[in-house]
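Colleague: Construct all of the structure, not just a fragment, from the sequences and the given hints.
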Amino acid sequence: MRTFGFYLMIGSTGLALTWLGVQSGWWWLTPIAGLLIGLLLRPARLAILIALVVGALGWGLPLAILAFSAPIGQIAAAVESVIGLTSSGGAVIIVLTVVLGGVLSVVGAWVGIAGRGLAATG
Amino acid sequence: MKLSPFTRRVLHFLLALIVAACVLYVSAFSAGPLPPLGAALNVGYGVWTDASAALPVHNETLHAPGLQRAVTVIFERDGTAHIQAATDHDLFWTIGYLHARFRLTQMDLERRQGEGRLAEILGTQALASDQFELMLGLQRTAQAEWQALPANSPIRQILLAYADGVNARISEEEQSATLPFIFKLLNYQPRPWTPVDTLVVQGDLIQTQDFSTTPLQYAELVKALGYQRAMQWFPVLPPDMQHPYDAGPYAKASSPAPLPSQLAISQSTMNSISYLQAFLRQLPTNALRHSSESNNWAVNGPKAASGKALMAGDPHLELTLPAIWYQIAGTSPGYNFSGVSVPGIPTILIGHNQHISWSMTDVQNQSTLFYVEKTDKAHPHQYFWNGAWHKMQHLSYEIPVLGAAPVHDDVYLTVHGPVMPPNKLLSGQTISVDWIGALPTDDGEALMELAHAANFAQFKAALSNWKAPTLNFVYADDQGNIGMISPGYYPIVRSGSPWLPLPGTGEADITGSIPYNAVPQVYDPPDHMVFSANQRPVGNNYPYYIGTTLNDFDNGYRADEIYSALSGQSQFTMQNMEQIQNSTRDYLASLIVPQLTTTLRQAALNNSEQQALSLLEGWNDNMDANSAAASIWWTFWNRYLSDTFQPWWNAYHVPSSQDQSLVVSPDLTSLDEDLESWTLHDQHNPTFTPPRAATRDAAQVMLQAFKESVSMLGKTLGGNPGQWAWGKLHTRTIVSLLGVAGLSYGPRGSGGDSWTLNAAASDPLSASNPEQSSASAGPSWRMIVDWGTGQAVAVYPGGQDENPASPWYENEIAAWWNGQYYPMLDGAAAQQQPGSVKWTLEN
Chain H
0 MRTFGFYLMI GSTGLALTWL GVQSGWWWLT PIAGLLIGLL LRPARLAILI
50 ALVVGALGWG LPLAILAFSA PIGQIAAAVE SVIGLTSSGG AVIIVLTVVL
100 GGVLSVVGAW VGIAGRGLAA TG
Chain D
0 MKLSPFTRRV LHFLLALIVA ACVLYVSAFS AGPLPPLGAA LNVGYGVWTD
50 ASAALPVHNE TLHAPGLQRA VTVIFERDGT AHIQAATDHD LFWTIGYLHA
100 RFRLTQMDLE RRQGEGRLAE ILGTQALASD QFELMLGLQR TAQAEWQALP
150 ANSPIRQILL AYADGVNARI SEEEQSATLP FIFKLLNYQP RPWTPVDTLV
200 VQGDLIQTQD FSTTPLQYAE LVKALGYQRA MQWFPVLPPD MQHPYDAGPY
250 AKASSPAPLP SQLAISQSTM NSISYLQAFL RQLPTNALRH SSESNNWAVN
300 GPKAASGKAL MAGDPHLELT LPAIWYQIAG TSPGYNFSGV SVPGIPTILI
350 GHNQHISWSM TDVQNQSTLF YVEKTDKAHP HQYFWNGAWH KMQHLSYEIP
400 VLGAAPVHDD VYLTVHGPVM PPNKLLSGQT ISVDWIGALP TDDGEALMEL
450 AHAANFAQFK AALSNWKAPT LNFVYADDQG NIGMISPGYY PIVRSGSPWL
500 PLPGTGEADI TGSIPYNAVP QVYDPPDHMV FSANQRPVGN NYPYYIGTTL
550 NDFDNGYRAD EIYSALSGQS QFTMQNMEQI QNSTRDYLAS LIVPQLTTTL
600 RQAALNNSEQ QALSLLEGWN DNMDANSAAA SIWWTFWNRY LSDTFQPWWN
650 AYHVPSSQDQ SLVVSPDLTS LDEDLESWTL HDQHNPTFTP PRAATRDAAQ
700 VMLQAFKESV SMLGKTLGGN PGQWAWGKLH TRTIVSLLGV AGLSYGPRGS
750 GGDSWTLNAA ASDPLSASNP EQSSASAGPS WRMIVDWGTG QAVAVYPGGQ
800 DENPASPWYE NEIAAWWNGQ YYPMLDGAAA QQQPGSVKWT LEN
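Going down the list, the sequences are from chains H and D.
Going letter by letter, the first sequence gives residues 0 to 121 in numbering that gives the first Met the number 0.
Going letter by letter, the second sequence gives residues 0 to 842 in numbering that gives the first Met the number 0.
Where hints are given, some of them may not hold.
Claimed, not checked - Here are the simulated distance ranges between beta carbons:
1. D:SER51 with H:PHE5: 35 to 41 Å
2. H:VAL98 with D:HIS57: 31 to 37 Å
3. H:GLN22 with D:GLN146: 44 to 50 Å
FYI, nobody ran anything at the bench for these hints, they're computed from the structure.
Built from N, CA and C at the ideal position, the CB exists for glycine as well.
Modeller: The following block contains the structure:
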């Protein structure tokens, strides 16, 4: 039986890894963090949930912090215009960023969970 | 079928891998319009870094490798940069650094356009532009210019210092992952800046100002209307009274003016032209010269309240965000200037130094000649010239295209220039283009010498080697002198009609240019004023051919308006000049509306027409946004042109549906001049009578056009003529350089029209060309220098920073729109300005 502390430690490690990746340009650390979560945590649904939170927070929190000092809404709106999305004042790009963090982490976790299952069968 | 647990787990794992691979793919690679999402949206390194870069600059010391000594940069509140450098090298290094800091995207797009490398980042949509530029050869010209510069040439050192400054900033941004967000969205890194890139950007400007297709239009008109009628309606010399700035007397020409030699255009030539026109229609707006419409003038002596010289200049260009201009002031041991630079070019183009000021308008003489080359299937890739067959020079290019295989491009050159369009050698006849912008030029050196000049002799000497674009340089100095000169290469052909495609067999080749002492110029004229507004700069007795009334010179109404404003008054102040620059008075309306109202008073009018007449009678000829009479006038003039000429266009099948530039509209400047002249002096001109129709005169056509106008406006703007405000029909847009509506300003209801001094050319009534429904060109920079008071003011519609979230993205638009100006401060005043910011750059 895993303790709450263990879940917290793995989640925090994943978040730290994701945060580091986001700050360094290594976006691919996010699926690796998810992979670790998927390999180490069970049940699978809880691992997916934790991976989702870790990915979304890892990408969303730095953005939220940046928003206190810099005009991220205007940049998001500009990006939206350039790539031809219907104008939402930048909301689509901000949401997309947070969702991308979550999805990258979740697919990593999914691979970890499936791989762990395969290893257990083998 | 029941699967075993192992198989299920294998399938589960494979499914997880496939989904993960898909997510990782869109995160790592571009997909359709989407950039690689992982890299692009990464908070620390992706597009979001532009949010931090948009924050207002603050006092700081920056490490600047490559500087010889420490440099100070003071930013005014509005973003204007003042550079104080201890060496000339450091001044130009810092200009490069600032251009890259605030305009890197713009610079990279400019050089890519000129070098034919847009498709590499934008895909097939930019392929035609790349093919055109490779054919035109801006990069070939730039390379020739660079190679011709001696190793010890000062301009060479300046170009190198500037490139080093740009590259220092690019390296900094690459290392900190703070490149502008466009690079991240388009997923590429800017390559290092080179002096050749600067010369290519200079070529871009020449192309926008100087490359025109007038002979192709003349060929279409001659083919449809016949030579005599085409030249009657589109004459070389203006039929109306104009105000050239250099009214003569002129020295006798050193070579004779050309004589017309070809009066008909063959069908095979027309086929080549049609093919070429179809290709040209795919190009971006700035690839060809459209109407540039700039103003400049100067007064002195009794015309200036200060008794010294007073100068004003407002070059009109496509208005974009970011703007074409970046405002700087620079001081170093060898330089002291203030004005506007173009990102990519290391000095100011317009501005002042301690002793003189200058601004420019486009001469708009004919700088592009087309030649019909004689070719033959028996002599592939050869052309017949001077009595013999010659091999065309062949150049091959590979154009990289985003998302597609590279495209092979062949360019063939004759003695006249590149064959157009590329990759097409029509049997029997082929068109080549001889464009003055393709000649290597010393324009950069001339600009640097301008910055040094202290009097008119030095000013004139600095411009003596200027080639293209031909420009009207207005001049004023601290001793109270004023002047104007139009340097450049004015091609003289041996024989033939240069306004038509010329025979390429040798007899119509360019033999030289008008001598520098014979180009249009004046200095301290007795009436104490000089002015230019793209009008024909010389009188009809000027001994050289320089262009025609069609798309070469402007119709002259802005010049007439400047003449009217300056000649009727003395003791002008800076505030008077501001009012003139922002004037929306329509000079043509002041001539025609009295004729129209006289006609209408004698006609039977319905209630709406009567109200419209009353509005015109009480009108001051100002195209204000809230003026209903302005809407009536402009609609009337369009209908009047159409009712006069369209029946002829229909009867003679002028191909205006294929070539939009031939649509009857105020843009066909020759027709404006014709109709003005006939209305004032020849109301029974036979043109008023359509082919095979009952005789009409000007009064009948005016009445018809007026009634149609009132009906049209009623349908568009409602039944009450008092509510037909011009601003409801006529708007301005300052378009994003990326063509993105969300980053543009407007459209916003605006005053002005095609030939008001505050020009805002649009075609709000055109259903056939919706792109022209909002004015996108206009005064790109307004500057006034009063040498009596030592004050200078200026403003431009944009901001210093291309970052759309920056407070300096569009901060000057409001002042520009409202006719306000900012003082052009010197460095000390800028430093004392509350809110100014200081950067120290140290090696």
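Colleague: Taking the hints in turn, state whether each one holds.
Modeller: To see whether the hints hold, each was checked on the structure:
1. D:SER51 with H:PHE5: 35 to 41 Å: Holds, at about 37 Å.
2. H:VAL98 with D:HIS57: 31 to 37 Å: 34 Å, holds
3. H:GLN22 with D:GLN146: 44 to 50 Å: Given range 44 to 50 Å: holds, Cβ gap about 46 Å.
Checked against the numbered hints listed earlier, the structure breaks none of them; every hint is satisfied.
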